[in-house]
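Novice: These protein sequence lines map, in sequence, to chains A and B.
Throughout the first sequence, residue numbering follows the numbering used here, covering 1 to 111 in sequence.
Throughout the second sequence, residue numbering follows the numbering used here, covering 1 to 115 in sequence.
Keep in mind the hints are simulated off the structure, nothing from the lab.
Note that the structure is a prediction, hence the values are computed from the model and not measured.
Misleading hints may appear alongside valid ones.
[Said to hold, decoys possible] List of simulated lysine to aspartate or glutamate pairs, EDC-like, C-alpha gap at most 20 Å: (1) Lys98(A) with Glu54(B); (2) Lys108(A) with Glu5(A); (3) Lys98(A) with Glu58(B); (4) Lys7(B) with Glu38(A); (5) Lys70(A) with Asp16(A).
[Said to hold, decoys possible] Which chain A residues face chain B? A few, computed with CB under 10 Å, are given here: (6) Gln6; (7) Leu10; (8) Tyr35; (9) Gln37; (10) Ala41; (11) Gly82; (12) Tyr99; (13) Gly102; (14) Thr103; (15) Ala111.
Positions of the beta carbon are idealized from the N, C-alpha and C atoms, including for glycine.
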Amino acid sequence: GEDVEQSLFLSVREGDSSVINCTYTDSSSTYLYWYKQEPGAGLQLLTYIFSNMDMKQDQRLTVLLNKKDKHLSLRIADTQTGDSAIYFCAERSPGTYKYIFGTGTRLKVLA
Amino acid sequence: SAVISQKPSRDICQRGTSLTIQCQVDSQVTMMFWYRQQPGQSLTLIATANQGSEATYESGFVIDKFPISRPNLTFSTLTVSNMSPEDSSIYLCSVRGQTGNTEAFFGQGTRLTVV
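The shape of chain A in the complex, shown without the other chains (with noise of 0.2 Å):
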């Protein structure tokens, strides 16, 4: 079956840069996305992309999909303390409504 997968942890100091990555098996994956998870409360969407699309750039938020490894990565610019959180990758098949989460990655920023 479908399955998203990505590192656990990663911890960065204030002002660099973050990169959480993510791996999926779906090959028909229609759109990928990156949600945000700060303490107590839901998801929130950050930035999607579509599954024809390589990059995609929206402030300090950098998306680049390699289709042919199935990989996903988020790059954040200037990262601060304010992005300490959960991400969790999730991809979602053309004509479903399910999405399949990744076990997302804990971004801890330091000071």
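Chain A is fixed; fit chain B onto it per the hints.
Specialist: Relative to the frame of chain A, chain B by itself:
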């Protein structure tokens, strides 16, 4: 976008009891979803709440344990029945966007602890 409110935000319950979680959306939506997020884990879809018909459950989840109501297009409830400590999780209500990339919107979650 959709604004989703869940109640309660957290609760501590005795084993063997049941808890009903409410989810209210600020607009009419066709599909509402209930997820479970166990400690340190990802989100797992429990079921899809359908208006006017029975919920559709994912593998490993059954109606007797997680009965769901969907009386209208803006409201749903999830009940966690006969709770045990293994049911301690965050339960999240979600709706699917109606346009664009059809992103999923989430409530803030209900943190349930069973003692």
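Novice: Take the hints in turn and mark each one as holding or not.
Specialist: Structure-based check of each hint:
1. Lys98(A) with Glu54(B): Since the Cα atoms of Lys98(A) and Glu54(B) sit roughly 18 Å apart, the hinted pair holds (cutoff 20 Å).
2. Lys108(A) with Glu5(A): 19 Å, holds
3. Lys98(A) with Glu58(B): 10 Å, holds
4. Lys7(B) with Glu38(A): 18 Å, holds
5. Lys70(A) with Asp16(A): 26 Å, violated
6. Gln6: It holds, given that the least Cβ distance between Gln6(A) and chain B is near 9 Å, below 10 Å.
7. Leu10: For Leu10(A), the interface hint is violated, since the closest Cβ of chain B sits about 15 Å away, which is over 10 Å.
8. Tyr35: 8 Å, holds
9. Gln37: At about 9 Å, which falls below the 10 Å cut-off, the nearest Cβ of chain B leaves the hint on Gln37(A) intact, so it holds.
10. Ala41: Holds - the Cβ of Ala41(A) comes within 10 Å of chain B, reaching about 5 Å at its closest.
11. Gly82: 18 Å, violated
12. Tyr99: For Tyr99(A), the interface hint holds, since the closest Cβ of chain B sits about 6 Å away, which is under 10 Å.
13. Gly102: 6 Å, holds
14. Thr103: Interface hint status for Thr103(A): holds (5 Å vs cutoff 10 Å).
15. Ala111: 25 Å, violated
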